[in-house]
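Protein chains in written order, with the working numbering: chain E, 1153 to 1657; chain P, -17 to 482.
Because the hints were derived from the structure by calculation, they are not lab data.
All figures in this text were calculated on a predicted structure; none of them were measured in a lab.
Each residue gets a CB set at the ideal place from its N, CA and C atoms; glycine is no exception.
Some chain E residues judged to face chain P by a derived CB distance under 10 Å, without partners named:
hint, residue
1, Ile1229
2, Met1295
3, Trp1296
4, Val1332
5, Ile1335
6, Phe1342
7, Ala1345
8, Ala1350
Here are a few chain P residues that sit away from chain E, every Cβ distance over 10 Å (derived from the structure):
hint, residue
9, Ser(-10)
10, Leu(-9)
11, Ile2
12, Phe37
13, Ile40
14, Gly46
15, Glu84
16, Asn173
17, Thr183
18, Trp188
19, Arg357
Below are the chains, spelled out letter by letter.
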Amino acid sequence: MFFDLPFEIPYLLTLLLVLPLVGAVATLAMGGERQKYAKYVAGAFSGITMVLSIMLLFVPDLAVYNESYPWIETAGIRMSYILTVDGLSILMVFLTGILVFLSTVFSAREHDRPHYFFALILAMEVGLMGVYMAADYFLFYVMWEVTLIPMYFMISWFGGPRRHYAAIKFFIYTHVASLVMLIGIFAIVFGAAGGGIADFSFEAVLAGSAAFSSTFQTLVFGLLFFGFAVKMPIVPFHTWLPDAHTEAPTAGSVLLAGVMLKMGSYGIIRVCLELLPEGAQAWQTTMVFIGILAMIYGAYACIAQKDLKKMVAFSSISHMGMVMISMACLSDIGIQFAVFQMFAHGLISAVLFMVAGATGHNIGTREIPLLGGLAGKVPVLAAFMMFGFLASLGLPGLVGFWAEFGIIFSFYEYTISIDMIWLIAFCLISLLLTAGYYLWAMQRSMFGRLTEKIDLSHIHDLSRPEVIALGATCALIALFGLWPDLALGFIKEYASSLALSLGVV
Amino acid sequence: MDSSIVTSLYGEFAPLAPMIILMIAALLMPAVYYATKLRDAVTLVAVAAIALSMFFNILMMIDGYQGDYVGVFVYDAFAGVMILLFQIVALLTAMVSLSSSETTRAHYGAFNSLLLAATVGMMFVATANDLITIFLGVELVSISSYALVAMKRKDPRAAEAAVKYVIIGGLSTALTVYGLSMLYGVTGTTNIPEIAAALSTQDFSWAFGIALITMIAGYGFKIAAVPFHMWAPDVYEGAATPVSMFLGTGSKKVGFVALFKIFIVIFVAASTTAAFATEEVQYIFAIIAAITMTLGNVVAISQNNIKRMLAYSSIAQAGYILIVMAVMSEYALASGMFHMFTHVFMKGGAFLVVGALISVGIGEKISDYRGLAKRAPFIAFAMLLFLFALAGIPPLAGFTSKLFLFSSAIYDGGLGGGVMTQWIWLAFIAVLNSAISLFYYTRVVKAMLIEKGETTERIKVPKTFTAAISICVVFVILLGIYPQLIMDFCADAASALFGI
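Next up, chain E with everything else stripped away, as it sits in the complex:
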């Protein structure tokens, strides 16, 4: 980085976990008369966490901050509290810090039980940070599940009309997937132990993974991959996502799409690819196929959506499909841009969901056919919507462009190497569809003749906190779009060493 942090912050990684936790408890305590101050408490804690996560970017040597303490040691089992941040996780930690704070800002007007609302956001941050920083499978799994419960309550307390159904579907779907993943974790941990003490730390399992046979790798890759991929999500196990998104409050959707879906792809890279290279080879074709399916199906489904938020949800499926094909290339560039796309989509989907949420709030409906010609009435909202859509469809100069460019480039290399260059056509079809549904949606909702189907007297433009949150996210999209190396710089080294261990350069 161009600027090195001149001092060390002791226990930085633990702070990133503890601050939101303390914040959640403190916010929860702001009940009754004091509940209008809940947002300030939540804002302060998530703000400090964000500052720390930004400072992490300027740390010259991340290894200094590794923390490792024994936790559970009993009856032949050893689990530890290990936190690390490396080239793969640093952007995710940064993204979590930023988006949690911005979604707190965005929701500043929340007046229905705000102390619960903001406490849930902070509780979610604990789990998210934990997933990205954990370097012990037990801690990783615990954190993975910790993210579920606040989200469940977020949807079922603050969601839309079908919130009960959506919340329970989200909970059961992703919990079943995590249980499958847990079996996979059992297999790798106990397999790596080779009869000795079963050590759950990433390091010990990686050391023991040399003994994995290729059949074992293939089987276990399947288990773990399923567990992670449902979270991404993959078609046909995606149906929880549109429901959860449509019903969740805006802040919930932002975190769900922005950071939580990335847990899935993060897990695939961190566990499946790092640990099971032969399994990855065996599953490569399937991964490519699944990625293409998600990419095309997601984009195709977008065209049919009437609800703006549901459309954005399906576009998430499509964009996560791009992450899938990119990492399925198993190449240096592929992994590099898969991570970059995770980061880019995190920022862009945050804008999209904020815009969709604001449309519902400020105009009164998100149904595209009911909208029309509103750009004159709500110019700021329309401008942000345009910006978000353009960023998402890959306008050059914005962060999404570099991500998609890199992905198509790496996929092109892969198709050449397997002599099936026509596969690249799917990418192009998806790009075309994406541009199509976004522009069409924009045209129908904001431009053209002013609608007569809704009551126009109550609509209002974005409030100041909403503008601040959206503006900041858009600024980041532009910043990383103009200067992608700022983010890519972190990933490069990690990606090339991983590609080396996968046997493809």
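Chain P: place on chain E using the hints.
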């Protein structure tokens, strides 16, 4: 302080020390009640006796005390851990019986007396080293429990439950005695280590096979394993809730202790010879385990009465613990014992919540729990923790214990065997069952925390219930993040039992 206090006080009876205290207290109970006519005094004496007995037991456990009384009772690490479990159950039950609206008012002395007697019976089984002692202990528990169930008078459901329990219990006893006598016939002794020694020189005989089958069936009734489970939901529903809790978390474990004692000891001694039919017995248990957990969880989904739902979930939990009998490894036994411990706090806690709410006039239907979070925030929060722990959501106790237990189907605890493939299917079924169970637990969570109730009037739960529920909350969290607190003892206990 160490166990020398116990040995100097009790001399050669030291291994029986925890039991003697409770036996005396049990005999004193009616006298205390007739002398004072105060329910509080009775509870105080009972709780004090259990606490003292628990104190002695913990001293002995920490010290690693070992001893036997005339070779019939053996106090070792295994006995210590199980006695502690029974003491906790008894303590919680005695505490809440005081303020429960369901427990009898008239014969309160007798109620506590029976409770303590049943606890003594449980400890009997935990220390037993002889078939006769196991049998006597189990009978002491059973007969006391029949009376405890029947004591909720004026409720026809309780009467039905008691009759059902007596009949099924009698059948179970008959089967067990039959099995035990066959075993005696085959080996010529009732002492468990001697049985093991005798079997290791024999070939498999049909008489021995029948003994095994009848013992599995007999104790299968006690632990409510499918297909011997039918009595459990009716009895748990009919009995006073503190008694249901006592049965579900305590008396059920007696069956497990008896199974562990008889089968594992014989298994270890005789696994090298043909006499025991090792593989077959393991497969029988594995199939029973798979069916029990699946049926328990699936049927629980359709229950609208919380006590019945908890009863079926108890059946499912028994299925999980039966994994121990299929795998028969030291690590599995330690994990199973640890799961029994966490089960006491999770399931016990859930029953306590139900009992507390019945005491303030809230029904047993899931729909009665609507809007509970507004009316009794702490109780609703505690119930949320218990149910999520039962479903195995980290970082609660149920997750950690299930993680140990399910992993024991593929991992031998670091003995050098690597990954075992034989029981992977069982681990799969167990994990899938965990997912099913989340479905019905969230129904209660949804009613309590998400749905709106008809009233938002605050509920004041009796203090002893709040205290007992708080104990459970603390341990549900503590054992989740610091399992070695109990797991270390369980590991010692398992190696003690396997070491015989």
